[in-house]
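Please take these sequences and the hints and turn them into a complete structure.
FYI, the numbering for the sequence shown is 1 to 246, going by full-length UniProt numbering.
There may be inaccurate statements among the hints.
To be verified - Here are the simulated DSS-like cross-link-like pairs (lysine-lysine), alpha carbons at most 27 Å apart as the crow flies: (1) LYS76 x LYS25; (2) LYS26 x LYS106; (3) LYS76 x LYS106; (4) LYS226 x LYS106.
For the record, the hints were derived by calculation from the structure and aren't laboratory data.
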Amino acid sequence: MEHVDHILIVDDDREIREMVGNYLKKNGLRTTVVADGRQMRSFLESTPVDLIVLDIMMPGDDGLVLCRDIRAGKHKATPVLMLTARNDETDRIIGLEMGADDYLVKPFAARELLARINAVLRRTRMLPPNLVVTETGRLLEFGRWRLDTSARHLLDEDGTMVALSGAEYRLLRVFLDHPQRVLNRDQLLNLTQGRDADLFDRSIDLLVSRLRQRLLDDAREPAYIKTVRSEGYVFSLPVQVLGAPA
Numbered sequence: 001m002e003h004v005d006h007i008l009i010v011d012d013d014r015e016i017r018e019m020v021g022n023y024l025k026k027n028g029l030r031t032t033v034v035a036d037g038r039q040m041r042s043f044l045e046s047t048p049v050d051l052i053v054l055d056i057m058m059p060g061d062d063g064l065v066l067c068r069d070i071r072a073g074k075h076k077a078t079p080v081l082m083l084t085a086r087n088d089e090t091d092r093i094i095g096l097e098m099g100a101d102d103y104l105v106k107p108f109a110a111r112e113l114l115a116r117i118n119a120v121l122r123r124t125r126m127l128p129p130n131l132v133v134t135e136t137g138r139l140l141e142f143g144r145w146r147l148d149t150s151a152r153h154l155l156d157e158d159g160t161m162v163a164l165s166g167a168e169y170r171l172l173r174v175f176l177d178h179p180q181r182v183l184n185r186d187q188l189l190n191l192t193q194g195r196d197a198d199l200f201d202r203s204i205d206l207l208v209s210r211l212r213q214r215l216l217d218d219a220r221e222p223a224y225i226k227t228v229r230s231e232g233y234v235f236s237l238p239v240q241v242l243g244a245p246a
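Printed below as a string of structure tokens:
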């Protein structure tokens, strides 16, 4: 039997969730709608889904908290598309840091939501084979740093752990899997967030800036992540694979 993608819609606005659910059904998707985080958790306990459409502004646990919980639980690989009522870049960055794969600002056209859902599903299943991020737990050494890819810990030369957000970890992992190779913003967005670049979306540039701060990398003369004018970014140091962590 042909697989039909199952979309879980989490929104406290009854009109929006029913409108979205009905539209997606008419376009060949299986849908379930719930009103809050409690109902979402209860449903996911028994039923896996292919993608979650998650509203940010909800009573109780908001969408950011729920997205963080999804990424920390057994459904951590499930794509999440967040809905936000504010066209605020800070909100978008926070959502992406929590692990969202894409976002859409309200009010939105149902057709655009469908297009975004299909794009996220396609990209999470069909990343270019030459740019796939590996998943095996390893210790990666570069400069004065080590990254434990199993525990997702960044360690300095003294063994002190430096905390990384989810988005910072994903970006660093992409760079370390493809050192000394220029990656443009489209590729970085695709690999870290599962979506196309927006002409006015500077989230990658902001994340690069935050990651440089974590690595104590001087933005004026960076040793780790260099800007290649008109092309993108390159991780300039070699990366040594030390093997699986103990």
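(request) State the violated hints by number, sorted upward, taking the hints as numbered earlier in the document. (result) Number 4 - this is the single hint that the structure violates.
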